[in-house]
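2 protein chains.
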Amino acid sequence: MIDRLCIVGIGLIGGSVARAARTRSLCREIVAVDQDVRALQRAEELGVIDWGLDETAEAAKGAEAVVIAAPVGRIEGIFEALKPVWSKRAFYTDVGSTKGSVVQAAERVFGRVPDNFVPAHPIAGRELSGVNAAVADLFADKRVILTPLATTDVRVLEQVRKFWQMLGAEVHDMGVAHHDHVLAATSHLPHIIAYALTHMLGRKDEKDEIFQYAAGGFKDFTRIASSDPGVWADICVANRSEILGFLHQFEAELQGFGQVLESGDREKMHEYFSEAKMARQRFLDQFKGKT
Amino acid sequence: MIDRLCIVGIGLIGGSVARAARTRSLCREIVAVDQDVRALQRAEELGVIDWGLDETAEAAKGAEAVVIAAPVGRIEGIFEALKPVWSKRAFYTDVGSTKGSVVQAAERVFGRVPDNFVPAHPIAGRELSGVNAAVADLFADKRVILTPLATTDVRVLEQVRKFWQMLGAEVHDMGVAHHDHVLAATSHLPHIIAYALTHMLGRKDEKDEIFQYAAGGFKDFTRIASSDPGVWADICVANRSEILGFLHQFEAELQGFGQVLESGDREKMHEYFSEAKMARQRFLDQFKGKT
Chain A
1 MIDRLCIVGI GLIGGSVARA ARTRSLCREI VAVDQDVRAL QRAEELGVID
51 WGLDETAEAA KGAEAVVIAA PVGRIEGIFE ALKPVWSKRA FYTDVGSTKG
101 SVVQAAERVF GRVPDNFVPA HPIAGRELSG VNAAVADLFA DKRVILTPLA
151 TTDVRVLEQV RKFWQMLGAE VHDMGVAHHD HVLAATSHLP HIIAYALTHM
201 LGRKDEKDEI FQYAAGGFKD FTRIASSDPG VWADICVANR SEILGFLHQF
251 EAELQGFGQV LESGDREKMH EYFSEAKMAR QRFLDQFKGK T
Chain B
1 MIDRLCIVGI GLIGGSVARA ARTRSLCREI VAVDQDVRAL QRAEELGVID
51 WGLDETAEAA KGAEAVVIAA PVGRIEGIFE ALKPVWSKRA FYTDVGSTKG
101 SVVQAAERVF GRVPDNFVPA HPIAGRELSG VNAAVADLFA DKRVILTPLA
151 TTDVRVLEQV RKFWQMLGAE VHDMGVAHHD HVLAATSHLP HIIAYALTHM
201 LGRKDEKDEI FQYAAGGFKD FTRIASSDPG VWADICVANR SEILGFLHQF
251 EAELQGFGQV LESGDREKMH EYFSEAKMAR QRFLDQFKGK T
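Chains A and B supply the protein sequences, listed in that same order.
The working numbering numbers the first residue of the first sequence as 1 and each following residue consecutively.
The working numbering numbers the first residue of the second sequence as 1 and each following residue consecutively.
Among these hints, one or two may not hold up.
Which copy? The list can't say, so a pair holds if one copy fits it or any two copies do.
[Unchecked claim] Below, computed lysine to aspartate or glutamate pairings styled on EDC-like, alpha-carbon distance capped at 20 Å:
| no. | residue 1 | residue 2 |
| --- | --- | --- |
| 1 | K83 | E271 |
| 2 | K83 | E107 |
| 3 | K219 | E127 |
| 4 | K61 | D208 |
| 5 | K219 | D208 |
| 6 | K88 | E170 |
No wet-lab data here; the hints were simulated from the structure.
These numbers come from a predicted model, not from an experiment.
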């Protein structure tokens, strides 16, 4: 059992790590730090954490496990705050949606990535944000990607793997660059598309009130456009070049379909939609037998 | 009470009209016609209809109410089949997702749109298709748009309005062209985007197995890419010019965001995402107090 778990950033993900750790009796006590004092108070009221502090070094001192659960844009500052109290006896992990930027931030602050820091990315979330939305089963049966480096301490890697497994997750290892490439496709690009469509139609709705004629399909399709704008601005900055690559690829995809549409070739449209439907079925099939 | 209700096309929508009509005791008997004999048999087995026929004129003869619930590409052929038995004593409506093409089909077949046909479009659906997916509450608290013409018989219009209201829907009237413009934005464009993204990532998944790292957000986002390819090919053909207009507008929207991303201007990205999130909230707010 971990004696003290420290969560840096007590939002949806940090709060859910805390709730899951408590529910599964992973640690004796949970301390959290956040710039937002009200979030800390709320986390204490909800019983998500034992106590909150507004000073990162103070909170992390003496902790055996430190989870950095802040937007990727803040991680470098957190590394700087942690540096004076960085402990050989603890393990460190994070939850950032991009991993290259986190590794680079660690290199800038520490000279090299500390061998007891294991970059992690839980593929789990909700469109809600903040500690109020935190739930104990957020990671249950979800994938967590670890991107260990050649210099990562193998024993720490196994500790961190076990930590995420104990929170309910299925843990996969992946290279840093591969992670950022794959997630740009499956997560970052879809978010940008949803934001862009909602942005465009929002302007039209202001004039023509079109949203009243949008249905459940539109609601599901745009759900991720309700995600936290700050978090997503950070992700875009951190993984800019990978996202740009896929964005351009998607523009070409739309242009290609536009030509089919222009031509009025019903058979080609039917084939295109059928291929897409089959691809989505392949995506769905992997959830079979899971919640 | 309607004595005999005839449903032309017993898929998800036609089956749900039948189920809702039965649950709400709107008619004495329900007869259906479909090219797919197995769908008719299944509808009989499920108790969705009283009996099925494979001959449209035969099925519609003697019905007081006829609902054409076939993909928009088939409606002209159905009008032709109905023409010899078209009854002054009955009312006719349809469920097509595009209305201009339906009105044009009626003009081609009848010379002018019959004054007892009221074009309708229920803004309701599921990504599932077929009579097995039909449910009695598909239209409950959903909007149905009627696009009556100047020549539409006002008494029939009120009959059709009441019919859809009795199925649980909130009925709105709209001009034909305005309908096709608005729905291109809120429904047709989102479907194409979802199909295009799934199509593009499906090709990548075949090589790199990226779908295993896609999460719930992706599942929601791509749900509409599981819609019936034939139905959507028809819609694209029928509403091609409106859809093309919005598709080009969306390409420009993505290019605009791409420039912001390229520039790395975090504040602008944050503002863009915030505006989109607020627009989606405006969309969500109209559901308040509804299911």
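Results of checking the hints against the structure:
1. K83 - E271: neither (56 Å within a copy, 33 Å between copies)
2. K83 - E107: within (12 Å within a copy, 77 Å between copies)
3. K219 - E127: both (12 Å within a copy, 13 Å between copies)
4. K61 - D208: For K61 and D208, the Cα distance exceeds 20 Å both inside one copy (56 Å) and across copies (42 Å).
5. K219 - D208: For K219 and D208, the Cα distance is within 20 Å only inside one copy (18 Å; across copies 30 Å).
6. K88 - E170: neither (27 Å within a copy, 65 Å between copies)
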